Amino acid sequence: GWVSGNKNTRDADCDTGTCIHNEWSSWTTCKDPCSNTETMSRNRTVKTVSQNWASIPCRDETQIQLCSENPQSIETCETCLVGSWSEWSDCSTSCGEGNRIRTREITKPPLNGDDSKCPELIEKESCNKDVECPHVQCELGEWSSWSPCSVTCGCGTTTRNREVKGEN
1 GWVSGNKNTR DADCDTGTCI HNEWSSWTTC KDPCSNTETM SRNRTVKTVS
51 QNWASIPCRD ETQIQLCSEN PQSIETCETC LVGSWSEWSD CSTSCGEGNR
101 IRTREITKPP LNGDDSKCPE LIEKESCNKD VECPHVQCEL GEWSSWSPCS
151 VTCGCGTTTR NREVKGEN
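Mapping to the UniProt record's numbering: the sequence shown position 2 is 2, numbers consecutive.
Don't read these hints as lab results, they were simulated from the structure.
Hints may be right or wrong, so weigh each one.
[What the hints assert, rightly or not] Derived DEER-like restraints, expressed as beta-carbon distance ranges:
hint : residue 1 : residue 2 : range
1    : T37       : K124      : 36 to 44 Å
2    : P109      : S25       : 29 to 37 Å
3    : K165      : P134      : 12 to 20 Å
4    : T159      : R104      : 52 to 60 Å
5    : G83       : V49       : 51 to 59 Å
[Said to hold, decoys possible] Below, simulated DSS-like cross-link-like pairs (lysine-lysine); rule was C-alpha separation at most 25 Å, straight line:
hint : residue 1 : residue 2
6    : K117      : K31
7    : K124      : K108
8    : K108      : K31
What you are looking at is a predicted structure, and each value in this text was computed from that prediction instead of being measured.
We put the CB at the ideal spot given by N, CA and C, even for glycine.
Model the full assembly from the supplied sequences, consistent with the hints where possible.
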């Protein structure tokens with residue numbers, strides 16, 4: 001037998017080419033960025049096809065995702081803004097350890113309605129723990145005379161009292 005063919009032929013891998021796309025468009029806006037049903041999308045178009053363009057079906061591309069899954073939406077939906085702290089309240093005691101509080105309010109609640117991620121709105125601290133309460137010495141008057149017995153016979157009661165004149 002004989003072999004036919006060309007001495008100058010060789011096997012080579014074929015480059016099937018690649019689709020080159022333009023940049024992604026911006027995401028469409030969501031009416032409700034916290035929605036678990038509303039979607040947003042972005043797309044990019046085919047820019048060029050390199051090499052062997054005939055063998056590749058190049059198409060425009062689209063991405064779709066739930067509005068609530070977009071990182072910016074998550075931040076927007078969970079963001080909770082609060083105002084400044086109020087002044088501290090008066091201490092609950094004038095001496096000995098007591099407590100005082102200060103408060104602040106939510107100025108912009110999270111769009112998703114979940115305020116569990118909001119900062120604390122009430123702050124409490126102890127106060128006057130180093131302020132000793134003075135020992136009060138009462139000045140008492142003399143005892144009064146006994147009252148008459150509550151019964152004429154049997155077991156009754158009789159009382160006497162005295163007044164507080166002042167405190168030192």
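### Query
Would you say the C-beta atoms of P109 and S25 sit inside 29 to 37 Å of each other?
For S25 against P109, whose Cβ atoms are near 32 Å apart, the range 29 to 37 Å holds.
### Task
Please test the hint of 51 to 59 Å on the beta carbon pair from G83 and V49.
holds, 57 Å
### Query
Should the hint that T159 and R104 are 52 to 60 Å apart at their CB atoms be regarded as holding?
The hinted range 52 to 60 Å holds for T159 and R104, with Cβ atoms some 56 Å apart.
### Query
How does the Cβ-Cβ distance of T37 and K124 compare with 36 to 44 Å: does it lie in that range?
For T37 and K124 the Cβ distance comes to about 41 Å; the hint holds.
#### Entry: Restraint status (C-alpha distance of K108 to K31 at most 25 Å)
holds, 18 Å
### Query
Hey, K124 versus K108, does the alpha-carbon distance stay inside 25 Å?
holds, 23 Å
### Query
Is it true that K165 and P134 lie within 12 to 20 Å of each other by Cβ?
Given a distance of about 18 Å, which is inside 12 to 20 Å, the answer is holds.
### 25 Å Cα cutoff - pair K117, K31
holds, 23 Å
Consistency note: the structure conflicts with none of the earlier hints.
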